[in-house]
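Visitor: Line by line, the protein sequences are chains A and B.
Positions 748 to 1149 (my numbering) are the ones given, in order, by the first sequence.
Positions 748 to 1149 (my numbering) are the ones given, in order, by the second sequence.
Treat the hints as calculated values from the structure; they're not laboratory data.
Beta carbons: idealized from backbone N, C-alpha and C, even for Gly.
Treat the hints with caution; some may be incorrect.
[Said to hold, decoys possible] Example chain B residues on the side facing chain A (calculated, C-beta under 10 angstroms, incomplete): (1) 814; (2) 1012; (3) 1022; (4) 1027; (5) 1031.
[Stated by the list, open to error] A few chain A residues facing chain B, derived, Cβ under 10 angstroms: (6) 815; (7) 819; (8) 901; (9) 937; (10) 969; (11) 970; (12) 1019; (13) 1021; (14) 1023.
Each chain is listed here by its residues.
Number of protein chains: 2
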Amino acid sequence: MADTAPFDRSGSLVEHLNIAPSGSGPLDGTTFTVKDNIDVAGHKTSYGSPAWRDAHPAPRHNALCVDQMLAAGARCVGKAVADEFTYSLDGESQFFGTPRNAKAPDRIPGGSSSGSAASVANGLADFSICTDSGGSIRVPASLCGLWGIRPSLHRISEAGVLPFMPSVSTVGLLAARFDHLEAATRVALRSRPNKKAPLKRLLVLSEAMEIADETVREQATSKLGKIADRTGLSPEPILLSQLLGEDIPLSDCNTRALRNLQTAEFQNTVGSWIETNRPGLGFTFSMAYGNVQSFDRIAALDSIMRCEQLFELINAALTPGIVICFPTTPVIAPLKGSLSTLDAVMDFYDRTMTITAFAGVGRLPEISAPLLTVDGCPVGLSFAAGHYQDEFLLAAVHEMVG
Amino acid sequence: MADTAPFDRSGSLVEHLNIAPSGSGPLDGTTFTVKDNIDVAGHKTSYGSPAWRDAHPAPRHNALCVDQMLAAGARCVGKAVADEFTYSLDGESQFFGTPRNAKAPDRIPGGSSSGSAASVANGLADFSICTDSGGSIRVPASLCGLWGIRPSLHRISEAGVLPFMPSVSTVGLLAARFDHLEAATRVALRSRPNKKAPLKRLLVLSEAMEIADETVREQATSKLGKIADRTGLSPEPILLSQLLGEDIPLSDCNTRALRNLQTAEFQNTVGSWIETNRPGLGFTFSMAYGNVQSFDRIAALDSIMRCEQLFELINAALTPGIVICFPTTPVIAPLKGSLSTLDAVMDFYDRTMTITAFAGVGRLPEISAPLLTVDGCPVGLSFAAGHYQDEFLLAAVHEMVG
């Protein structure tokens, strides 16, 4: 293993780094990058925004999750491009460019952890530490053909991570190999190594399958057949309403719950800073931010209550031993530059977030596995489990497809 | 109910406010104050530090928890004094004074939610929204004779609350009456009103009783007898090692686990800001901050792993139906100015945090009830339950002592 990463020709990094491990452990010999909303001591954190970067001094300490990786033997080789204020799922930054989707170079990498995904997919690092609020790890994992985990909400310390949406945002990881994802995640989760649970049932979230393109659905069904052969489990299709015992469509998780909590919290964090400082904003972010500015947080408090109720219902159903499966995204990566019309943006975001909001509102651990290929492009198949069942989920995914 | 609070003669407030409710609901006719590390739109948030206040613009939005209270019918009547950077348990601010402990005026109110507690105890408001990391709600509740709740970690949104210790800090409430505490807490928790669970066992944390002054212990034992008469439950003394099935003393929760996580996270948030900006600091905070500066975060990563293990063990034991009881603080409020020697500070902090770290590391909901009186001064009796069992705990406390 070289002491430094290869030179970045993929547009993944904002900065090459070479920070030696501070200790030795399960990550000896591995390398990692850090999404540019997570602090590395002495290096400015841009949050995907040149204006933010220029207005804030460099942090004095590494984020705690970065220290965890260094102490476990990993070497930090760079800071990775993020979408502006991490408020996007597409990975086309007006300021920092579009990191190369290694397996589909004419397509977007997905965001907001675009550089994290590209740095791993292009061989610059074994894994990347990043964040996910509405899908920012899971979407680039799916579109770039990587392993990605959004752990249970707040399982990993957010000390040294820029506040984004405090009730939603979560630190997680991307990796090209499952063994790297598993090892680095276990370090971050601070797990006891011997923790295990038996896999009993494999549910399939029917509405997520229906939302997906037919080609994605066919691939997912085929893969589920292979998992059934390998494990002896019969995949059980289930509607959200059947899972919860209440008449709630999957789309509620996004449109009537999580989306409004996200917007209200974003008003408090980045919104307040923008209103006060009036920084230069990118075109795409400006469009999205218009909706944030006009959002009525008081009217949305009922949605925030619904988030809590959905959390309770989902976790009453997802008892230990149960895994629920669905396509990570409904589509392969859109072509670069194709998200330029409102219709195209709406179609990509609405369908994608209908799926990603399920684990978001459930505060569930979700692992996206690079198992599907449609038209030569990757799509992820996701597995989720109950809140705080991260270690069970890692073991179950290892058993099914690892 | 008057439209404004009485004029503050207790030193509780940094600012009188009169913000009308935005809606109507279970908090109609009530008033509340807001700890000065929680945003109120258009008013500077000081974090207990004049330097911080002067360096930061006023927020553009209320914290989400403030909006929740206003929408449920409560009127906001002021911002309440907090200890410098909320990094203290005593409530004697060099900058904002020592808010009056209404029931023991020659004694400290406790901190860091000193003004929140004093505003309620001195009749300026029905309840206060505040925060607790190491005991900042529970300690002033105990020392001022109030009801206080530190909910399960992150149950209440932290959007608009200054980041302090991201894996530890929690929004909670103080009130003079249990019905106010319960109603406001249920609004903040976004609970379904019909949620209930039966109370099955009442444990008593033996080491916390042993740490307490003999007079506090006697009062607590007497009160437990009355609870037994009322509920028919037999209080069961239990050591932490018996509860967990592993040989772990209670003091480990603080000294070998939570304290180091708190210090590492404080380095990332306030510490990084102080190192960069070199603001004027108060004497007491400066002394405490010296330990933060010299802290070796890498060496403490094992303690952070221990936090996760203690969380798992404690919550495997505290299944639904179980409440565990202990004195909130081991002592009544120290006399004002008495925490001026290192021995006095160490004795107060070490004994107090040995108890408060139990719910901290367990991420447990804890309610401090104003049930004990020693030498004419109040002391709290605390009740805790498993993580996310906040609604059960509220109902159980209502049944036992509400």
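Visitor: It remains to establish, for every hint, whether it holds in the given structure.
Guide: Hint-by-hint comparison with the structure:
Annotation: interface hint on residue 814/B holds; nearest CB of chain A at approximately 6 angstroms, less than 10 angstroms. Here the hint on residue 1012/B is kept, as its CB sits about 4 angstroms from the closest CB of chain A, short of 10 angstroms. The criterion of a C-beta within 10 angstroms of any C-beta in chain A is met by residue 1022/B, whose closest approach is roughly 5 angstroms, and the hint holds. Given the 10 angstroms rule on beta carbons, the hint for residue 1027/B is violated: about 18 angstroms separates it from the nearest Cβ of chain A.
Against a cut-off of 10 angstroms between C-beta atoms, the interface hint on residue 1031/B is violated, since the closest Cβ of chain A lies about 22 angstroms away. Look at residue 815/A: its Cβ gets to within about 6 angstroms of chain B, closer than 10 angstroms, so that hint holds up. At about 9 angstroms, the closest approach between the beta carbon of residue 819/A and any beta carbon in chain B falls short of 10 angstroms, and the interface hint on this residue holds. For the restraint placing residue 901/A at the interface with chain B, the shortest Cβ-Cβ distance is roughly 6 angstroms, inside the 10 angstroms limit, so the hint holds.
For residue 937/A, the interface hint holds, since its Cβ comes within 10 angstroms of a Cβ in chain B; the closest pair sits about 4 angstroms apart. The closest approach between the C-beta of residue 969/A and any C-beta of chain B is roughly 38 angstroms, which is over the 10 angstroms cut-off, so the hint fails. The interface hint given for residue 970/A is violated, since its Cβ lies 33 angstroms from the closest Cβ of chain B, which is over the 10 angstroms cut-off. Satisfaction of the interface hint for residue 1019/A is found here, the shortest Cβ-Cβ separation to chain B being roughly 4 angstroms, below the 10 angstroms cut-off.
Using the Cβ-Cβ criterion of 10 angstroms, the hint placing residue 1021/A at the interface with chain B is satisfied: the shortest such distance is roughly 9 angstroms. At about 5 angstroms, the closest approach between the beta carbon of residue 1023/A and any beta carbon in chain B falls short of 10 angstroms, and the interface hint on this residue holds.
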